[in-house]
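Engineer: Working from the sequences, and respecting the hints, build out all of it.
These protein sequences, in sequence, are chains W and Y. Numbering-wise (the UniProt record's numbering), the first sequence opens with residue 1 and increments by one. Numbering-wise (the UniProt record's numbering), the second sequence opens with residue 1 and increments by one.
Honestly, the hints are just simulated from the structure, not real lab data. Note that the Cβ used here is the ideal one computed from N, Cα and C, for glycine as well. Certain hints may be false.
[Unchecked claim] Pairwise CB distance ranges, derived in the manner of DEER restraints:
#, chain 1, residue 1, chain 2, residue 2, range
1, Y, Gln264, W, Gly120, 20 to 28 Å
2, Y, Gln264, W, Gly224, 56 to 64 Å
3, Y, Asp9, W, Asp316, 47 to 55 Å
4, W, Gln173, Y, Ile12, 31 to 39 Å
5, Y, Gly120, W, Asp72, 40 to 48 Å
6, Y, Lys23, W, Ala116, 42 to 50 Å
7, W, Thr109, Y, Ser252, 39 to 47 Å
There are 2 protein chains.
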Amino acid sequence: MLDSMIGSDLTIDDVRAAHDRIKPYIHETPILTSSYFNALTGAELFFKCENFQKAGAFKVRGASNAVFGLSDEMAEKGVATHSSGNHALSLSYAAGRRGIPCHVVMPRTAPEAKKAAVRGYGGIITECEPSTTSREAVFAEVQAATGAEFVHPYNDPRVIAGQATCSLEMLSQVENMDAVIAPIGGGGMISGTCLTLSNLAPKIEIYAAEPDQADDAARSFRAGHIIADDAPVTVADGLKVPLKENTWHFVSSFVTDVLTASEQEIIDAMKLTWERMKIVIEPSCAVPMATILRNPEVFRGKRVGVVITGGNVDLDKLPWTLG
Amino acid sequence: MLDSMIGSDLTIDDVRAAHDRIKPYIHETPILTSSYFNALTGAELFFKCENFQKAGAFKVRGASNAVFGLSDEMAEKGVATHSSGNHALSLSYAAGRRGIPCHVVMPRTAPEAKKAAVRGYGGIITECEPSTTSREAVFAEVQAATGAEFVHPYNDPRVIAGQATCSLEMLSQVENMDAVIAPIGGGGMISGTCLTLSNLAPKIEIYAAEPDQADDAARSFRAGHIIADDAPVTVADGLKVPLKENTWHFVSSFVTDVLTASEQEIIDAMKLTWERMKIVIEPSCAVPMATILRNPEVFRGKRVGVVITGGNVDLDKLPWTLG
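Structural biologist: What follows is the structure, encoded as structure tokens:
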């Protein structure tokens, strides 16, 4: 059973099963290209637009795989998580499609807009104090009261198998890729990418991109063990969380390199992508482009898949308009 | 010869010839759909994404048709215009692809960013004073000195035939459309839409959308003759120009209705499109969605093609962040 597996048990069959399971609930998102960015980088870039995905981010793949993989008995009690970002939206969306409850524990201090978005997808919010102790205590209460199944945002093999469907689609959409690059926070997308590519196309290089100011994955990669930072500060707010054992397995086994970029490089790459490609992307998804621009020699002449992970951004607080 | 034609002489063969001529230089832009907007409007909407077009707007279709339709002899002297918006960018792009000069007369007071964008596409700028008198005088000098061919932004049959290729693509991309809606300023896109649909699919309704504050097309449509406003003020800055005889021919003959929306409705529709569809669109392209939301009964239950005309917007001055 997937939910008692560890990451290293996952096989390509789990990815294929995930894709069959979630297909009715997700988009096969398009690939966009940009002659401007190709000229700028000297590479051929293929942007996998998960910002156009249901609930606005790739996370709906993993969340849907977890939700629709539950037995009817387990599903009845619903699912639960304590993310306040895209995973909470995605899990609420997937639970809504299955018609089961989704419980989300969020700090009472979280922005109203985020709470409204979770409720908009049908999530049931229980508020906690803005501390780890309170969050864990409240989450334990919610789980005890409801019996809901915990779906971790990234350290769950069911979630990793779901995220892996993104690169499965890319392989059928883009021929002869030399490399794939994706942002890394907790490592769910990168682990899924490793799972698919190590099985189906092991020659394709896998680059993980993260902010200089939240470079725990880069330091972990070089040290050979997980290094977790306490509350890093970066505009790429989806990338602040640390690796965990299931994602570390993939990062340490299959990633080619972890590249980093500064806050200004991330903001510039984000704005340039909006300006030239006319797509709305989150700061986190600008990190791969920022690292490509910082390290052109790594990518020049290559056909590179770039995962645009999501497009949920507060249009009233764009980073280039903030002092 | 197309350049001595008037609008009413245009046939569907001119549109097909235009499409063959410009295909190597433009994108066949994708159609996006949104379950959110379908639920909100009760219609099935098919967004033709010309914001992803070369130079960021549909205007590259008409400009390319004009540029690549010139004889070698005429082309040698280049092309000229006095637009400072998307037409100037598009004409510069097309001229660059043919390797001929493009002269653009712009007020010296135009924003530096706009001048830089035109230069970025290879346009040669001659500055005038910010008055019609100066613009006309300077433009006449440039034409006399260079012999460049004037390409009007919309009142030129070559341009109308080029814009008509957009709905030609839509017909092959979307089955059984009941209606098409596009913004109307000078009427180039709407005229092209009329040209294609009146010939190939005359049952499809054609709606033109414009701001309440620049509703000259709506008033012209109801009056039965061209009414031109002097310097209307609207956030939809692509839609301030008046109809001219060649576009009036199509508007008066084939348009089903001209619908309007308020400034706030346009800004709200623009922001909502960015938030939900994750695409960058200009204020002008939000006008159709704003009019659909104002007149849901007109569109409910219909399959509607919505032309997203362009995505060139100043990210430092988004209308919802301005007081």
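Engineer: Now look at each hint and say whether the structure bears it out.
Structural biologist: Checked hints:
1. Evaluation of the 20 to 28 Å hint for Y:Gln264 and W:Gly120 yields a pass: the beta carbon distance comes to about 22 Å.
2. Checking the proposed 56 to 64 Å range against Y:Gln264 and W:Gly224 shows it holds: the Cβ atoms sit about 57 Å from each other.
3. The supplied range of 47 to 55 Å is met by Y:Asp9 and W:Asp316, whose beta-carbon atoms lie about 50 Å from each other.
4. Between W:Gln173 and Y:Ile12 the C-beta distance comes to about 34 Å, which sits within the given range of 31 to 39 Å.
5. A hinted range of 40 to 48 Å for the beta carbons of Y:Gly120 and W:Asp72 is inconsistent with their spacing of about 59 Å.
6. A beta carbon spacing of about 45 Å between Y:Lys23 and W:Ala116 agrees with the range 42 to 50 Å that was offered as a hint.
7. Taking the beta carbon of each, W:Thr109 and Y:Ser252 are about 59 Å apart, not inside 39 to 47 Å as hinted.
Hints 5, 7, counting from the list given before, are not met by this structure.
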